[in-house]
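Each protein sequence line maps, in turn, to chains A and B. Heads up: the first sequence begins at 72 in the working numbering, then just goes up one per residue. Heads up: the second sequence begins at 6 in the working numbering, then just goes up one per residue.
Careful, some of the hints might be misleading.
[To be verified] Chain A side only, calculated, beta carbon under 10 Å to chain B, not exhaustive:
no., residue
1, V88
2, I94
3, F97
4, L103
5, I164
6, L168
7, V211
8, I223
9, D352
Keep in mind that the hints were calculated from the coordinates and are not lab data. Beta carbons are placed, not taken as given, at the ideal position from N, Cα and C, and that holds for glycine.
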Amino acid sequence: MATLWYLVRRVAQAVLVIFLVTIVVFALLHALPGGPARGILGAQATAQQIATFNHEQGLDKPVVAQYFYYLRTLLHGDLGTSYTLNEPVSTLIVQRLPKTLVLTVLSAILGLLLAIPLGMWQAVRRNKPFDYAITTLSFVAYATPVYFFGLILVLVFSQALRWFPSQAPQGDTLGQVLANPAGLVLPVVAGAASMVAVFSRYMRSATLENLAEDYVRTAKAGGARQRAILWRHVFRNSLTPVIAMLGYYVPVLFGGALVVEQLFNYPGMGLLFWSAAQSSDYPVLLGCVLVISVATVIGTLLADIVQRVIDPRVVAGKS
Amino acid sequence: MTAIAEQLPVAEGVTGLRLVVRRFLRNKLAVIGLAVVVAFVLFCFVGPHLYHTDQTHTALDAVNQPPSARHPLGTDAVGHDELGRLMYGGGVSLLVGLAAGALATIIGMLWGAVAGYAGGWVDAAMMRVVDAGIAIPALFVLLVISAIVSPGIWGMVAILGLVSWLVPSRLIRAETLTLKNRDYVLTLRAIGGTHTRAISRHILPNSVSTIVVAATFQIADAIMLVAYVSYLGLGVRSPQTDWGGMLSAGLTAVYSGRWWLILPPGLAVILVVCAFNAIGDGLRDAFDVRGRS
Numbered sequence: 072m073a074t075l076w077y078l079v080r081r082v083a084q085a086v087l088v089i090f091l092v093t094i095v096v097f098a099l100l101h102a103l104p105g106g107p108a109r110g111i112l113g114a115q116a117t118a119q120q121i122a123t124f125n126h127e128q129g130l131d132k133p134v135v136a137q138y139f140y141y142l143r144t145l146l147h148g149d150l151g152t153s154y155t156l157n158e159p160v161s162t163l164i165v166q167r168l169p170k171t172l173v174l175t176v177l178s179a180i181l182g183l184l185l186a187i188p189l190g191m192w193q194a195v196r197r198n199k200p201f202d203y204a205i206t207t208l209s210f211v212a213y214a215t216p217v218y219f220f221g222l223i224l225v226l227v228f229s230q231a232l233r234w235f236p237s238q239a240p241q242g243d244t245l246g247q248v249l250a251n252p253a254g255l256v257l258p259v260v261a262g263a264a265s266m267v268a269v270f271s272r273y274m275r276s277a278t279l280e281n282l283a284e285d286y287v288r289t290a291k292a293g294g295a296r297q298r299a300i301l302w303r304h305v306f307r308n309s310l311t312p313v314i315a316m317l318g319y320y321v322p323v324l325f326g327g328a329l330v331v332e333q334l335f336n337y338p339g340m341g342l343l344f345w346s347a348a349q350s351s352d353y354p355v356l357l358g359c360v361l362v363i364s365v366a367t368v369i370g371t372l373l374a375d376i377v378q379r380v381i382d383p384r385v386v387a388g389k390s
Numbered sequence: 006m007t008a009i010a011e012q013l014p015v016a017e018g019v020t021g022l023r024l025v026v027r028r029f030l031r032n033k034l035a036v037i038g039l040a041v042v043v044a045f046v047l048f049c050f051v052g053p054h055l056y057h058t059d060q061t062h063t064a065l066d067a068v069n070q071p072p073s074a075r076h077p078l079g080t081d082a083v084g085h086d087e088l089g090r091l092m093y094g095g096g097v098s099l100l101v102g103l104a105a106g107a108l109a110t111i112i113g114m115l116w117g118a119v120a121g122y123a124g125g126w127v128d129a130a131m132m133r134v135v136d137a138g139i140a141i142p143a144l145f146v147l148l149v150i151s152a153i154v155s156p157g158i159w160g161m162v163a164i165l166g167l168v169s170w171l172v173p174s175r176l177i178r179a180e181t182l183t184l185k186n187r188d189y190v191l192t193l194r195a196i197g198g199t200h201t202r203a204i205s206r207h208i209l210p211n212s213v214s215t216i217v218v219a220a221t222f223q224i225a226d227a228i229m230l231v232a233y234v235s236y237l238g239l240g241v242r243s244p245q246t247d248w249g250g251m252l253s254a255g256l257t258a259v260y261s262g263r264w265w266l267i268l269p270p271g272l273a274v275i276l277v278v279c280a281f282n283a284i285g286d287g288l289r290d291a292f293d294v295r296g297r298s
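Construct the complete structure from the given sequences, taking the supplied hints into account.
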């Protein structure tokens, strides 16, 4: 019952936050040079056209009324029209989002596959040279801009060794992108590096916390072997909070995708956003911001819920 | 004598500060971090006075030269001496990082202190605003705002400050929640002291450790963020530059094998960000406060 009440409260809070996000995006839309009319009609529009547009769209009405109008168009899935690509922003995002998701999911899987054993091993070898070495490496990896790491990858594996192409596979569909796995290697690795740094830290502390628990001592006292305890109990119990952290990591993943896609010319939402920033294509920029923010809110919500379900000791509203 | 002195509860003020400094100096990584920061500050702000280069005019007869005696780190695509550019760009990176980190911490400090002190629905409303802000990834907002206003150095500081005060505000709110029911605050209220006085004279001074630690991490984040924005072509504009901006021609340089345009600014960002994070860790342990781990 308490959990249900928590769920209701937490979802309501998430909805409220999304609502506030739309206000911020609406404010940004109005901060545009020339306002939304200039934004939608383009730089060549005449004053007459702008006045007509403003009247038609209700932009001569009070700001609050305009906001509700904007909210209504959003609820209809209308994010405006790109003025460089002449297509609805929602269509553009729907085309590119799956490709970005593939890239980020692959990076996340690779990152976790490396980070989880590393973090566990660090916890077992706490304060030994291996632990210090990995800690130092993750410190450095955390401070390395994703694009710089990507540039080094291109320099070494594409320019010097010629193992992998430096261009991501091109194509409109997901199939075309996946048809060329060699081209995906460097972008996926570039995206995974910072994940390894962050998640090995989480895994290390989660494992350490579990190793100090009574059940480990009991198992040891009962004569269970270290390896068995580690895999049968500690691994499972440490893994869940680490997986939950993925939810909080959504904005970082999107940020990483933005840079990786720009660097490797990967045709996803990050590249769409970057090109839009270069050409001041505001409807695309704000549409992407909205989508990514909603994804972030949902990610955080899921992470909170998972944490609550796996560990009822986490008390609601204590963050 | 000293052993006994160390065991005694330490009063706030000079003695406390001395203890903090002593604990900080015992942390090797933090001390190295501090040394790295000092070295970079000297390199970027004193360096240009000793090593004169022209960073405003292009020198088309000296473009893309590999390192040589005359140009120890070579020259870039418009003929700027790369070593000089590293100092000049680093000055911008450090200045923007320090100023934006400070600004973000100040905004977050005031917001968090007021929210935590007020409590009730004011607190709830203010913290939902923070939630909404955190839901919009900073890098994306920064790029949108930079695309709209094309900021200079101080514009960049203002935008970064406005985008990244959210995390410190949460930390300082949490601190305020524990401080506001302390006896001295309650006494002050009982004898008729104002809310402003309670916040400015008691809550904030007693949160100084949290604030200093938050500010240090904030600086590291700001240097990193501005390096991202400039790399993506929307940071400070040419002929001004920062380390991120120096890397924005990265791929072209990689393809033509001009490593001297890539490695120095990239390694500089890593070193400085690591250094500030190490200092932050050291300060957190020295002050013994909770912060980010």
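Evaluated hints:
1. With its C-beta approaching chain B no nearer than about 5 Å, A:V88 sits inside the 10 Å limit, and its interface hint holds.
2. Given hint, A:I94 at the interface with chain B, holds; its Cβ is 8 Å from that chain's nearest Cβ, closer than 10 Å.
3. Annotation: A:F97 was flagged as interfacial toward chain B, and the flag is violated, the nearest CB pair being 12 Å apart, outside 10 Å.
4. This hint holds: A:L103 has a C-beta 6 Å from the nearest C-beta of chain B, less than the 10 Å allowed.
5. Because the beta carbon of A:I164 sits about 13 Å from the nearest beta carbon in chain B, more than 10 Å, this interface hint is broken.
6. Annotation: interface hint on A:L168 violated; nearest CB of chain B at approximately 14 Å, more than 10 Å.
7. Annotation: A:V211 was flagged as interfacial toward chain B, and the flag holds, the nearest CB pair being 6 Å apart, inside 10 Å.
8. The restraint placing A:I223 at the interface with chain B holds, with a minimum CB-CB distance near 8 Å, inside the 10 Å limit.
9. Given the 10 Å rule on beta carbons, the hint for A:D352 holds: about 9 Å separates it from the nearest Cβ of chain B.
Checked against the numbered hints above, the structure violates hints 3, 5 and 6; every other hint is satisfied.
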